[in-house]
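K.L.:
Residues per chain, in single letters:
There are 2 protein chains.
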Amino acid sequence: MSSFIEPRVLKGFRDYLPEAEIARSALADKLEATFRSFGFVPIDTPALEYAEILLGKGGGETDKQVYRFRDNGDRDVALRFDLTVPFARFMAEHCDELYLPFRRYHLGKVWRAENTQRGRYREFMQCDFDIVGTDSASADADIVLTIVSAMAALDVGPVRVRVNHRGLFNRFLAAQGVSDKLVSVLRTVDKLEKVGPEETRNLLAAETSMDLAGRVMDFITPEGSSAETLRKMISLCGNDDEEAAAAGKRLSDVFSIATSCGFGDSVNLDPGITRGLDYYTGIVFETTLLEMPGIGSVCSGGRYNELASLYTAKNLPGVGASIGLDRLLAALEALGRRQESDPVPLVLIANTESVSLAQLHGQAMELRKAGISSEVFPEPKKMSHQYSYAEKKGIPYALMPDGDSLARGVLPLKDLARRSTTEFGSLSSLVEFLKSVKMHG
Amino acid sequence: MSSFIEPRVLKGFRDYLPEAEIARSALADKLEATFRSFGFVPIDTPALEYAEILLGKGGGETDKQVYRFRDNGDRDVALRFDLTVPFARFMAEHCDELYLPFRRYHLGKVWRAENTQRGRYREFMQCDFDIVGTDSASADADIVLTIVSAMAALDVGPVRVRVNHRGLFNRFLAAQGVSDKLVSVLRTVDKLEKVGPEETRNLLAAETSMDLAGRVMDFITPEGSSAETLRKMISLCGNDDEEAAAAGKRLSDVFSIATSCGFGDSVNLDPGITRGLDYYTGIVFETTLLEMPGIGSVCSGGRYNELASLYTAKNLPGVGASIGLDRLLAALEALGRRQESDPVPLVLIANTESVSLAQLHGQAMELRKAGISSEVFPEPKKMSHQYSYAEKKGIPYALMPDGDSLARGVLPLKDLARRSTTEFGSLSSLVEFLKSVKMHG
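These protein sequence lines map, in sequence, to chains A and B. Those letters in the first sequence? Residues 1 to 441, per our numbering, in order. Those letters in the second sequence? Residues 1 to 441, per our numbering, in order.
The hints are simulated quantities; they were obtained by calculation from the structure and are not laboratory data. As the structure is a computational prediction, the values presented were derived from the model and not from experiment. We treat Cβ as the ideally placed atom computed from N, Cα and C, and that holds for glycine. Hints are not guaranteed to be accurate.
Said to hold, decoys possible - Calculated cross-link-like contacts (lysine-lysine; reagent style DSSO-like; alpha-carbon spacing at most 30 Å):
(1) B:K381 - A:K314
(2) A:K64 - A:K30
(3) A:K30 - B:K435
(4) B:K438 - A:K369
(5) B:K369 - B:K382
(6) B:K435 - A:K438
(7) B:K435 - B:K392
(8) B:K30 - B:K369
Unchecked claim - So the derived list for chain B, only partly shown, Cβ under 10 Å to chain A, looks like this:
(9) F35
(10) F90
(11) D342
(12) E366
(13) F377
Working from the sequences, and respecting the hints, build out all of it.
P.N.:
Right under this line is the structure:
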């Protein structure tokens with residue numbers, strides 16, 4: 001009868017053990033602090049929604065990447081696969097209860113039945129932030145400033161936010177008389193980083209002509225500075241094009257705001273950034289960690305002018321970005337810059353039979369009241385066993401009250417890494433010491 | 001063609017707007033801080049698991065409350081309906097990578113296709129904490145102490161953790177010669193609070209006999225103090241019963257630990273607490289907010305001695321509790337003790353055309369660097385419009401730089417509630433003021 005059910009998770013899913021979960025939540029905390037410092041407020045939406053909401057009408061074709069099923073009430077439902085579509089539905093539904101412009105951030109899980117052979121997960125955390133209800137350089141800049149600030153808070157080394165504007169590309173292709181090729185050219189250029197300039201040129205030539213491919217390659221090659229690059233792009237759009245001029249003005253405004261905030265070096269114009277997605281209409285951007293450019297963009301986004309048009313006639317222009325939390329965590333790990341957080345707990349109260357549980361727990365509670373995390377080892381096992389537990393858990397100190405120390409009125413604290421013990425004459429001196437090590441690492 | 005998709009969520013699901021989400025996350029932060037102060041570490045598990053894992057074998061019968069479906073790979077999968085079953089699977093799978101005793105907490109969403117007519121949600125947040133790998137009074141007490149500490153951190157007023165021990169009930173029924181009725185009697189007694197003593201007695205009489213119903217009612221009626229109640233219970237088990245004596249000793253140990261931590265008044269023996277679930281084997285408890293007893297227990301749990309027996313032969317005794325986050329949030333709301341958090345943001349930088357966006361954003365960034373959250377209103381709209389935005393969002397102050405104040409080198413800060421403006425001569429004096437209001441409310 002010993003037929004156990006094999007304890008395992010689904011392919012593409014994973015457990016977070018404490019170390020990983022602590023690192024993830026430390027990362028999330030820092031991002032949230034940055035978002036809030038910019039006035040973004042948090043929201044949440046359901047994991048499960050009507051499939052029609054998530055996938056749009058004409059819902060016959062099942063998107064293979066979507067977890068879609070009929071619920072117990074025979075409703076056609078699906079797990080959210082991103083945070084953008086639910087946000088669009090959210091804005092259409094709650095617009096009148098909110099204030100515009102609405103700045104929100106949303107950290108949440110999404111689910112995609114991806115091909116796991118490419119190292120992708122089927123459940124992962126997304127982190128989006130947007131400003132909706134305004135089409136202004138101020139909002140565009142705020143998203144870019146938030147990205148640079150968030151990366152600085154995470155201590156991921158120097159970053160570059162590479163910005164472009166869809167309007168320029170549109171007008172450039174219009175000037176070449178091939179507006180109809182916009183989406184396919186954008187998608188090909190989007191692959192530049194992955195396949196290199198040679199291959200991009202070949203792909204473009206196959207789609208259009210050798211000649212046009214050359215002109216596109218010229219258009220997407222940056223000059224020495226953002227200002228020079230912008231001048232070249234506008235001239236290639238035809239200098240008298242009003243739409244191109246407006247896009248250029250928007251980019252200049254964003255760059256001058258970034259410069260006045262001290263972020264000039266971190267924000268560049270890169271005409272090779274297009275973002276494959278259809279819905280962007282204004283600025284678009286990607287974020288590169290200069291110490292790890294190979295991992296790709298850790299934060300991407302752009303301006304869209306019709307967030308919720310599937311659900312409402314209301315005009316809701318917006319700009320936003322999405323952080324790839326898993327990619328960022330992996331990068332931090334690779335850079336040896338795991339997000340630090342306080343040891344949990346700071347002190348193990350060792351358990352010896354000579355001291356009552358009531359006393360041990362009383363002492364632990366005193367420490368907690370003074371802001372020091374502590375736990376009582378629950379059984380009077382051998383000291384070597386208790387130390388080894390503390391070591392595995394990453395607890396740096398052990399308080400070891402025993403009959404002798406109690407009689408002498410002292411508190412013996414063992415530094416488990418140094419294997420040295422210090423006796424403290426009072427709880428307050430012990431607390432003072434522990435607070436100082438907590439602050440200074 | 002204006003056929004929009006109606007923006008709506010599924011029945012039993014809900015969006016969290018910023019105010020609600022901020023309250024929820026403030027609550028979660030306080031709970032997490034308490035858990036960590038006791039040495040609990042966080043974990044996470046997938047939302048979706050094999051149905052076999054979540055529902056056990058003989059999986060033919062579909063539990064109507066479970067969201068269960070076939071995924072794109074035709075796997076029989078389900079959304080987790082609690083955090084206990086995934087934790088059991090987690091412990092069976094990762095036991096060897098972890099240290100025992102393992103203290104974990106887990107905050108996460110769960111899904112149940114409940115009848116929404118009873119005001120229940122189909123998606124809700126659970127919060128569990130457990131200590132696994134030890135059967136000790138120390139661990140039992142730690143769970144109880146954590147509950148009392150968490151409730152104190154949340155400022156929900158006085159609480160009572162009502163504790164009992166399954167062993168006493170077992171032995172009492174054995175002494176009456178009706179051990180076989182254990183589960184049904186436990187479940188009936190569990191309804192005591194809801195249906196009252198009269199009805200409980202009737203139900204018990206129908207299940208057993210009038211005579212036994214009377215003896216059960218006597219057994220579950222508390223005396224003046226926990227110690228007196230315990231003496232009576234042990235005597236009704238037959239004073240020479242070793243198992244009853246051991247259970248009594250365990251309860252006494254828990255009470256004396258609670259007392260030595262200053263929580264004696266908050267932890268009582270209540271022989272009417274049974275918890276309906278089969279798997280408890282030792283102490284069981286419920287938590288009552290004394291200012292709102294009617295809402296029921298806000299934190300319940302107990303000791304189980306076979307956490308992961310479906311998945312492994314390893315013996316994993318444990319003790320744990322589950323906090324009903326939604327119930328607690330509703331209680332806090334009703335008590336007018338919504339968890340406070342800093343306004344997001346503290347300062348709106350008003351937008352007038354006389355000051356450049358670059359300057360406005362530069363000022364906002366200076367404030368952020370000094371630890372003051374701020375946002376720039378993105379467009380130069382009428383001041384009344386910008387004030388009304390700040391009011392709706394709960395932003396208490398507006399910084400209103402204009403040509404005149406810039407020329408005079410002053411920073412005019414408007415207190416939006418008092419409608420008064422103060423001019424600061426420097427950024428540092430402004431920051432000092434804002435930090436003082438932030439600290440003192």
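K.L.:
It remains to establish, for every hint, whether it holds in the given structure.
P.N.:
Hint check results:
For the given pair, K381 (chain B) sits about 20 Å from K314 (chain A) by alpha-carbon distance, which is consistent with the 30 Å threshold. Taking the CA atoms of K64 (chain A) and K30 (chain A), the gap is about 35 Å. The hint is violated against a cut of 30 Å. At most 30 Å may separate the alpha-carbon atoms for a hinted pair to count; K30 (chain A) and K435 (chain B) meet this at roughly 20 Å. Restraint check: the Cα-Cα separation between K438 (chain B) and K369 (chain A) comes to about 24 Å, which is no more than 30 Å; the hinted pair holds.
Using a Cα cut-off of 30 Å, the hinted pair K369 (chain B) and K382 (chain B) holds, with the two alpha carbons roughly 28 Å apart. Distance restraint check for K435 (chain B) and K438 (chain A): the Cα-Cα separation of roughly 24 Å lies within the 30 Å cut-off, and the hinted pair is therefore satisfied. Distance restraint check for K435 (chain B) and K392 (chain B): the Cα-Cα separation of roughly 22 Å lies within the 30 Å cut-off, and the hinted pair is therefore satisfied. Under the criterion of a C-alpha separation no larger than 30 Å, the hint pairing K30 (chain B) with K369 (chain B) is consistent with the structure, at around 26 Å.
With 10 Å as the threshold, the beta carbon of F35 (chain B) comes within range of chain A, its nearest partner Cβ sitting at about 9 Å, so the hint holds. Checking F90 (chain B) against chain A: minimum C-beta separation of about 6 Å stays under 10 Å; hint holds. The closest approach between the C-beta of D342 (chain B) and any C-beta of chain A is roughly 8 Å, which is under the 10 Å cut-off, so the hint is satisfied. Because the closest C-beta pair between E366 (chain B) and chain A is about 9 Å apart, less than 10 Å, the hint holds.
Annotation: interface hint on F377 (chain B) holds; nearest CB of chain A at approximately 8 Å, less than 10 Å.
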